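Enquirer: Sequence:
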Amino acid sequence: MNQRIANWGIFLLLSLTWGSSFILMKIGLESFSPYQVASLRLVAAGVALLPFLPKYLRQTPINKLPIIILSGLLGNGIPAFLFCLAETKIDSSLAGILNSLTPLMALLAGFLIYKAPIMKAQLTGVCVGLLGVVLLFMNKGIAANEYWYYGLLVIVATVSYGANISLVHHHLKGYASLQLGSIAMFFCGLFTLPILLFTGFFQQFTTENAPWRSLSAGLVLGVMGTGVAAVLFYLLIRRAGAMFASMVTYALPIVAMGWGFLANEPITWLQILCMFIILFGVFLVNRAKKA
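In terms of our numbering, the sequence shown opens at residue 960 and continues consecutively.
In case anyone wonders, no lab produced these hints; they're calculated from the structure. Some clues are possibly wrong.
With a straight-line cut-off of 30 Å between C-alpha atoms, the simulated DSSO-like cross-links for lysine-lysine are [what the hints assert, rightly or not]: (1) Lys-1079 <-> Lys-1132; (2) Lys-1023 <-> Lys-1074; (3) Lys-1023 <-> Lys-1132; (4) Lys-1014 <-> Lys-1132; (5) Lys-1132 <-> Lys-1074.
In this text the structure is predicted, and so the values were computed from the model without any measurement.
Whenever a hint applies, use it, and build me the whole structure from the sequences.
Expert: See the structure below:
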């Protein structure tokens, strides 16, 4: 019972930190380019977990390092850039809703990459989830909105998330969450630091109107929404399994829409309906998995 309560505690904390990421990205984009926001996020996460790196780097077999680095890129590096690019044209609440496709993508990744069987009920759940996405795009007005396709960047990000969930579940499940998180985020930060160095990011803070608000949002996004969240996610996969961890998607769009509402982003009842259709598809997948 205590372990179950702890798992749900991790689940709720992860939902709050990840669900707040979408509005923090939007604030960061007020002053920085999408590439700078994504890089700041990853560098901040790497620095936050840096104290744990030496210990866990020594304990990690060399042949596992490429897999952990790949996990960092799939679970954090690639999605960070895709989400920031998407949010230059779409609302943070819409990005949060589309992010709820992650468990469905995890199921498909397990089937395509690791030949994990898919039950009929799970396939039904995937179809229901995709129906919700189609209706969501129609609601945003494909013909009227010339930037509707930026939402596809979020869908690609969920594909990356899904591949990472399967990767961790099949190859890295026995490793400590801090071990995976510190190594993965160090290399993600190392790979993206040159973007900050060579795009005039630091020079912005030598002026009188330095973008401290966007910097603060980016640092919180990196430390909490990426660094701490990555450790919590690895921990949840290890303790409760990949499918339970992917269920954090149930709460993410609700948190994201709450922040979007406070930021006066337009949220329609049809968007809310589409969100519940997607989440119902996720529910069908998880119920079939438990059965």
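Enquirer: Run through the hints listed earlier and report the numbers of any the structure violates, in increasing order.
Expert: No hint contradicted; all consistent.
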